[in-house]
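Peer 1: Now for the letters of each chain:
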Amino acid sequence: MPTAPAWPAARLHVVTGKGGTGKTTVAAALALAMACDGRRVLLVEVEERQGIAQLFDTPPLPYEERRVAVARGGGEVRALAIDVEAALLEYLEMFYNLKRAARALRKMGAMDFATAIAPGLRDVLLTGKIKEAATRQVKGARAYDAVVVDAPPTGRIARFLSVTEHVSGLAKGGPIKTQSDGVMAVLRSSQTAVHIVTVLEDMPVQETADAIVELRAIGLPIGSIIVNMARQPLLPLGSMTKASRGRVDAGSIAASLTTVGLDGSSLAGPLLLEAAEHAQGWQAQVACRARVDDLDRLTYELPELPGPIDTGSLYELADAFTRAGIR
Amino acid sequence: MTAARAGASPDLDLAGIIADLDTGIIVCCGAGGVGKTTTSAALALAAAEAGRQVVVMTIDPARRLAQSLGLEHLDNTPRDVPAAAAFTASSGGHLQAMMLDMKRTFDEIVEAHSEPARAKQILQNPFYQALSSSFAGTQEYMAMEKLGQLQETGKWDLIVVDTPPSRSALDFLDAPHRMSRFLDGTMIRLLSAPARAGGRAYLKVVGAGLAIFGRIITKILGGQLLKDVSHFVGALDTMFGGFRQRAQATYELLRQPGTAFLVVAVPEPDALREASYFVDRLSNDQMPLAGLILNRVHPSLASKLSAGRAEGAAETLASSKNPDDRLTGALLQVHADRVRTDEHEQKLARRFASAHPDVPVRAIPAAARDVHDLAALRQIAGHLTADPPGRPGTRTRAWRASARPTA
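Chains as they are written, first to last, in my numbering: chain A, 11 to 337; chain B, 2 to 408.
There's no promise every hint is true.
[Claimed, not checked] Here are the computed lysine-lysine pairs in the DSS-like style, where the Cα-Cα straight-line distance is at most 27 Å:
| no. | chain 1 | residue 1 | chain 2 | residue 2 |
| --- | --- | --- | --- | --- |
| 1 | A | 252 | B | 348 |
| 2 | B | 228 | A | 187 |
| 3 | B | 104 | B | 156 |
| 4 | B | 228 | B | 121 |
| 5 | B | 228 | A | 252 |
| 6 | B | 104 | B | 228 |
| 7 | B | 121 | B | 104 |
| 8 | A | 187 | B | 104 |
| 9 | B | 305 | B | 348 |
Just so you know, the hints here were simulated from the structure itself, not pulled from any lab data.
Everything numeric in this text was worked out from a predicted model, so none of it was measured.
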C-alpha cells in the first residue's frame with residue numbers, strides 16, 4: 011500500500027464504482043479518514059437514496075449540511091443529500107432572484123418538466139452544488155478541508171461529470187454555460203481526484219478499466235483505485251492449488267478429523283468441496299488483482315469485514331485508509 | 002441446505018415455467034449487479050434446450066458473457082448463438098441473442114412513423130439527439146419498445162428480456178410512462194405552441210405562470226433550446242399518438258398471463274429491499290410475478306457441523322505437529338466461515354419469506370468463477386431448472402395460480 015496520497019492538492023474526492031462494490035461505504039470511510047485530527051469534511055450524496063443516513067444510522071438527511079460523525083482527533087464529517095428540486099430553487103434564487111416564481115412553478119409540475127426538457131440539467135445542478143461546497147470560503151478560510159462525493163456508478167460517471175459540457179453544447183447562449191464552464195474547470199483541475207471502487211471480480215475490474223479510459227478521454231483527474239472487500243486466505247497459500255483441484259487426500263483429512271472427535275468419513279468430502287470453492291475463489295481474486303495492478307494506478311485495498319456493515323465498520327475501514335497514509 | 006434454505010418460501014419452478022408453452026415473455030428485473038443478464042442468458046439457453054424457439058434481449062452484457070453468446074457487436078438484431086446449436090439440436094429448440102442499441106431503436110421508430118424528409122429533420126434536431134441518447138429513462142423505454150417489436154414478428158415463442166441497469170428496478174416499469182407523458186404532455190404542447198400556430202394560440206392558452214416559465218427556461222438555457230424543442234415537437238406531432246399507443250400496448254402485453262416476471266436479487270439487505278419494493282409494485286400493477294431468484298448463495302455442504310464446533314476443533318488441530326492436522330484445521334476454518342455466511346444469507350431469505358410468504362423463491366449457489374462460456378452458463382441453467390431441493394420429481398404445474406395477483 012502507498013504511504014502518501016499522490017494527489018496533495020485534491021480536496022474534491024469523487025468516489026465511483028460498479029453497483030454492488032460498496033462505493034457508498036468506501037466514500038463514507040474515506041470521509042472519516044480525511045476528517046481525522048480536527049479537519050472538516052463534507053460527504054455528499056447525489057442519488058437521493060439516503061444511503062449515507064442508513065450507514066451512519068441517522069434519520070433521513072434533509073437538504074442541509076448535517077454533522078453525522080466525529081472522527082478520531084476531533085474532526086467532523088458533515089453529510090449532505092442533494093435534492094435536485096431544492097437545488098434548482100436555490101440556483102434560481104441565487105442567480106436570478108426568482109425563488110417565488112419558481113415555487114409557483116413547482117406546483118404546476120414545471121420542475122419535473124424543466125429537469126426533463128434539458129437532459130443533464132439535473133447533473134448540472136448536482137455538480138454545481140458540489141463545486142460550490144468544495145470552493146466555499148467562510149471568513150477567508152475554506153469551509154471544508156475536503157469534500158467526498160458518493161457519485162453515480164462507473165457506467166454513468168463520465169456522463170455525470172461532463173454533463174456540464176453537454177449542456178453547454180445544448181444551451182449555446184445563456185448564463186448556464188458560464189456556470190457549467192466554471193464547474194468543469196474545477197473538476198478538471200488538480201483540486202479534484204476521481205476514485206474508482208472495485209471488488210476483485212471480473213466485471214467490476216473490467217468496468218474500472220473502462221471508466222479510467224473514459225475519464226481520461228474527457229480530461230478528468232483519476233485519483234486511485236480502491237479495492238474493496240478483499241477476502242483473506244483461510245488455507246495455507248501453498249495448499250491453494252492442490253485444494254482448488256480437489257487433489258487433497260481425503261483419507262488423511264478424515265483421519266485428522268477423527269482425532270478431534272468429528273465424523274471424519276462423512277465430513278472429509280464436503281469439507282474438501284468447500285475448500286475447493288474457497289481456493290478457486292481465492293485464485294480468481296489473485297488473477298483479478300493482477301489485472302488491477304496492470305492498470306498501473308495508485309491502489310488501496312480494504313478487507314472484507316465479517317457481518318453486516320454498521321457505523322463501527324466505517325471506523326475500521328477509515329483506519330485502514332489512515333494506515334495507508336490517507337489524510 | 003434442503004428445503005429450509007429459503008425459509009418458508011415455496012419453490013420457484015423455473016423448469017415448469019420455461020416448458021409451459023403459454024409462457025411467451027420472461028422479464029428479469031432487479032437492482033444493478035445482481036446477475037440479471039447472466040440469469041436471462043442461462044434461462045434462455047435452458048428454454049432452447051427444452052425445445053423452445055427463444056430470443057434473449059440483453060441490455061449491457063459483460064464482454065465475456067456477450068462473447069460466449071456470440072455477440073460481438075451492439076447491432077440491435079437478434080443473431081444465432083452458434084455454440085448453443087450443439088445443445089439445442091436434439092430437442093428442436095433454437096437460441097438467438099441480441100444487444101439493445103437504444104439510439105438505433107429510437108431512430109427506427111422515428112423513421113417508421115414519419116415521411117423521410119420529416120424523419121431527417123427530427124433525427125438532426127439537437128434536442129432529439131440529446132433525448133435519444135441521454136434522457137433518463139430512454140433505455141427503459143426503448144427496451145420495452147424493442148420487446149414489443151420482437152413480439153409482433155411472431156418469430157419466437159419465448160422472449161427473455163434483461164432489464165436496464167437502473168438505479169431502481171422500478172424504473173423499468175415507470176420510465177416508459179414518464180417518457181410518453183413527457184412527450185405527450187400539456188407542458189410541451191403549450192411550449193411548442195408558437196411553432197404550430199404562429200404564436201396566436203400561444204397567447205390565448207398560456208397563463209401568466211407559464212409565460213414566466215418560458216422566460217425562466219429561456220433565461221437559464223438560452224432561447225435556442227426552446228426553439229429546438231418547439232421544432233422537435235412540431236415535427237413529431239404526427240407521431241405522438243403512436244408513441245403513447247405503443248408504450249401502452251407493450252405495458253398491457255406485460256400484464257398478460259403469458260408474461261412471467263422474475264425478480265433477481267443477491268442475499269444482501271439492499272438488493273433484497275429493492276426486490277421487496279419490486280414485488281409489491283408488481284402486485285399493485287397486477288403484473289404476473291413468477292417469483293424471486295436469490296442469486297449467489299453459499300449453502301454449506303456440511304451444515305450439521307456448526308461454526309463454533311468447527312472452530313474449536315480447528316484450534317486444537319492448529320497446534321499439531323502433523324501437517325495433515327494443520328491443513329484439516331484450515332479446512333475447518335473455511336467451513337466455519339462458510340456456515341456463518343450461509344446463516345446470514347438464510348436469515349435474510351427468511352426475512353423476505355415472512356414479508357412475502359406467497360412468492361416462490363429459487364436459490365442459486367454462487368459460482369467460484371465468472372461466467373465465460375456456454376458451459377458455465379449451462380451450469381447456472383442447471384441450478385435454475387433443477388428439481389426443487391429435497392423434493393425430486395414433484396414439480397408444481399400450478400405456478401401461474403400463485404403468480405396471479407389476487408385482486
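Peer 1: Among the hints numbered above, which are violated by the structure, and what are their numbers in rising order?
Peer 2: 1, 5
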